[in-house]
Amino acid sequence: MAENEHFFTPESVDEQVERLLAQHNGRFPTEDEASRYLMKDLHHAYQAQVEQRQQTLESAWQRIQQRNRLVESPTEILPVIQGEPRRGRRRNGRMRYSQPLNMVAAVIVACLLIGSLLVVLNIARQGQYSSMVRPTATDTASTPVLPLQQGATVYTYPDSSAIYSVDWSQDSTRIISSGATVRIWDAMTGGHVVALTPAQVTGPFAARWSADNKFIATAASGLQIWNAATGNLVTSCPVPGNQTAIVPLKNSGSSAFFSYENSSGALQRVSAINMSLTDKETVPVNVAWSPDGKYVAFTDKNPAKPMVVVWDIPSCKIADTHPYKKDIPYDVKWSPDGKYLAVATSDRIVQVWEMGKNQPTYTYHDSYVTDIFSIAWSPDSKWIASTSFGSHKVEVWDALNGALIQEYSGHTAAVTSLTWSPDGKKIASGSSSMDANGAITGGEVQIWDVKTSQTLYTYHDHAHPVLAVAWSPNGKLIASAGGDKSSTSDGEVKVWVAG
Amino acid sequence: MIIGNQMQRQGKKGLDEDAATELYRRHAPSILAYLRMHMSSWEEAEDVLVEVFLAALEKENFSTLRENEQRSWLWRVARNKTIDGFRAAQRRQILPLEEIAETTLDDEELAPEQFALRQEEYRRLHTSIEHLSPLQQQVLQMRFVHELRCADIATALGKSEAAVRMLLSRTLSLLRSIYEKH
Chain A
1 MAENEHFFTP ESVDEQVERL LAQHNGRFPT EDEASRYLMK DLHHAYQAQV
51 EQRQQTLESA WQRIQQRNRL VESPTEILPV IQGEPRRGRR RNGRMRYSQP
101 LNMVAAVIVA CLLIGSLLVV LNIARQGQYS SMVRPTATDT ASTPVLPLQQ
151 GATVYTYPDS SAIYSVDWSQ DSTRIISSGA TVRIWDAMTG GHVVALTPAQ
201 VTGPFAARWS ADNKFIATAA SGLQIWNAAT GNLVTSCPVP GNQTAIVPLK
251 NSGSSAFFSY ENSSGALQRV SAINMSLTDK ETVPVNVAWS PDGKYVAFTD
301 KNPAKPMVVV WDIPSCKIAD THPYKKDIPY DVKWSPDGKY LAVATSDRIV
351 QVWEMGKNQP TYTYHDSYVT DIFSIAWSPD SKWIASTSFG SHKVEVWDAL
401 NGALIQEYSG HTAAVTSLTW SPDGKKIASG SSSMDANGAI TGGEVQIWDV
451 KTSQTLYTYH DHAHPVLAVA WSPNGKLIAS AGGDKSSTSD GEVKVWVAG
Chain B
1 MIIGNQMQRQ GKKGLDEDAA TELYRRHAPS ILAYLRMHMS SWEEAEDVLV
51 EVFLAALEKE NFSTLRENEQ RSWLWRVARN KTIDGFRAAQ RRQILPLEEI
101 AETTLDDEEL APEQFALRQE EYRRLHTSIE HLSPLQQQVL QMRFVHELRC
151 ADIATALGKS EAAVRMLLSR TLSLLRSIYE KH
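These protein sequences, in sequence, are chains A and B. Straight run, no breaks: the first sequence in this note's numbering ends on number 499. Straight run, no breaks: the second sequence in this note's numbering ends on number 182.
Derived by calculation from the structure, the hints in this document are not laboratory data. Check the hints yourself; a few may be wrong.
Said to hold, decoys possible - Covered stretches of chain B (in silico footprint by chain A; criterion: 3 or more residues with CB under 8 Å from a CB of chain A, positions within the stretch not fixed): (1) 27-35; (2) 39-47; (3) 52-63; (4) 114-123; (5) 129-135; (6) 154-167.
Being a predicted model, the structure only gives us computed values, none of them experimental. Just so you know, even glycine gets a beta-carbon here, dropped at the ideal spot from N, CA and C.
Can you make the complete structure from the sequences, with help from the hints?
Here it is, written out as structure tokens:
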């Protein structure tokens with residue numbers, strides 16, 4: 001026994017193990033039966049973990065390379081939005097430019113046509129809304145309605161509660177804002193207010209215009225469809241399994257979004273990487289029309305049975321559901337071409353679904369392993385921009401394979417909402433502004449170039465954290481909204497010149 | 001036209017692809033072993049491993065550090081992120097020790113009585129490992145799951161190499177005694 005207790009010696013245990021493992025693998029003749037069986041059994045006992053370890057190392061390396069490829073070979077990731085050839089490391093890097101250049105030319109021609117159409121339309125509308133234009137405005141042909149500087153506030157809409165969602169009518173003249181109540185008003189004057197808040201349902205609400213401008217969907221714990229012209233309720237769709245008990249979302253307020261933003265410093269940023277919200281239920285629901293107006297998708301956060309529900313409108317028949325086990329869906333958005341439905345969940349993922357399919361077409365994991373609260377499709381339906389809550393970054397990635405297109409790091413606090421410019425070149429992202437000590441001083445919206453990730457403009461005019469942001473369909477204005485229910489219980493929507 | 005901060009990073013002496021591969025090859029196995037010891041799942045450990053190496057790749061002038069400086073920088077980030085992970089998930093239960101496989105051996109070419117004996121040995125090995133101290137179990141995992149040598153195990157455990165050598169050799173000799181009559 002004494003001899004065996006010293007079979008493995010401290011001085012050469014590494015070499016002994018490696019030699020025996022090699023023998024176990026059959027490369028050398030066996031010299032010690034007991035050691036050989038020990039190695040064989042240890043190998044067997046840990047085999048499953050060895051495989052997991054190998055998979056983990058490989059998978060981690062793939063993720064690192066994927067994220068780092070932007071540094072290594074930008075041409076591979078940005079073949080289309082690249083304006084000029086770059087000294088790429090990949091041989092076929094240059095080959096890709098001939099086709100996109102033709103397309104770019106076509107797009108420019110299309111933009112010019114659309115642009116001139118918009119100018120004509122604006123001139124027409126100017127006649128219609130002449131009373132709303134500021135008296136000091138100097139009308140010119142190029143900017144018939146908005147002769148103001150970038151960032152100039154056109155109108156401030158005050159509300160008595162935090163506003164979580166804003167949406168434009170397709171003709172860029174009306175805004176629907178929703179928080180504790182839902183209201184529609186003229187974007188440039190706040191006039192002609194229509195209230196759509198359903199009785200006996202407590203907000204905060206989300207509200208969206210249908211693509212044909214005829215209907216409005218509002219949602220809190222169920223879905224309501226309204227006639228946008230008359231303000232009459234068209235139909236009300238109950239959440240499956242929740243017909244009787246409509247659970248109001250308690251304590252909803254911006255504190256849920258910003259409870260982690262009070263301390264400061266780099267360490268806090270790093271520690272935020274692994275955090276997740278404790279108060280997920282208080283985040284308002286989200287709702288999205290399919291571009292053809294046939295369906296509405298809704299994030300049901302019922303903790304017992306969280307799911308994304310897709311209703312056929314106006315029949316209220318359930319067309320599709322995506323149930324989740326524990327993770328709560330935060331945001332839902334249809335691709336502009338109507339093909340896919342993207343869902344961001346508390347599991348720090350975005351799933352891209354095709355209607356009727358049981359499996360997501362693609363599942364994206366947040367690069368910084370933090371919650372993704374807001375997602376937005378690029379107008380061409382190719383990319384998705386997602387907010388990485390804890391890292392304060394925005395990632396733009398290929399919707400079908402997750403390839404990173406761009407990363408934006410301009411914000412110092414978590415980004416709560418995103419909107420693409422209609423031409424797909426810029427993104428406006430809403431967040432909080434902070435002082436040197438990391439205390440929240442208000443809200444801000446940053447406009448940045450998707451191609452370069454350079455900040456183009458920062459709008460500072462919010463007294464409270466920004467919770468929602470929407471670019472007008474004509475590209476000229478941005479509506480940004482926010483509020484702070486925790487202290488002063490008020491909110492606001494700012495309508496300003498996008499530039 | 002630059003691709004934002006990524007291009008700037010490249011200009012500030014980030015690592016090229018070969019250097020990054022070598023850095024990962026050299027340090028990822030032991031850092032993963034350390035992370036796995038402190039995290040409740042492989043997925044969590046993988047996420048932090050990705051963060052650690054991305055932080056290095058995005059760090060300005062990382063390539064100008066000496067090799068031992070790079071190594072200690074990586075370990076410092078890994079430890080900090082692990083501590084942050086604990087703070088972020090104080091109530092999460094950490095299960096550093098994994099079950100070893102209870103499946104039976106499929107020893108081919110063995111006579112029935114030999115096969116039964118081997119099964120008995122395997123069962124005893126299983127029981128013996130379960131009765132080892134947590135530290136001994138961790139050292140075994142580092143050696144047989146993560147395939148680390150004593151020096152690397154020592155780094156991951158924060159112990160001296162001599163102590164790990166002693167611990168591992170004694171543990172293996174102890175387990176070997178199960179088989180000595182065979």
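Right, here's what the structure says about each hint:
With a cut-off of 8 Å between beta carbons, the region 27-35 of chain B has 3 residues touching chain A; three or more are needed, and the interface restraint holds. With 4 residues bearing a CB less than 8 Å from a CB of chain A, the region 39-47 of chain B meets the requirement of three and the coverage assertion stands. Evaluation of the coverage hint for the region 52-63 of chain B: fulfilled, as 3 residues show C-beta separations to chain A shorter than 8 Å, against a requirement of three. Proximity of the region 114-123 of chain B to chain A, defined as three or more residues with a beta carbon under 8 Å from a beta carbon of that chain, is established by the 3 residues found.
Closer than 8 Å: that is the beta-carbon criterion, and the region 129-135 of chain B has 1 residues meeting it against chain A, so the requirement of 3 is violated. Here's how the region 154-167 of chain B fares: 3 of its residues keep a CB closer than 8 Å to some CB of chain A, so the rule of at least three is met and the hint holds.
Going down the numbered hints, you'll see the structure goes against just number 5.
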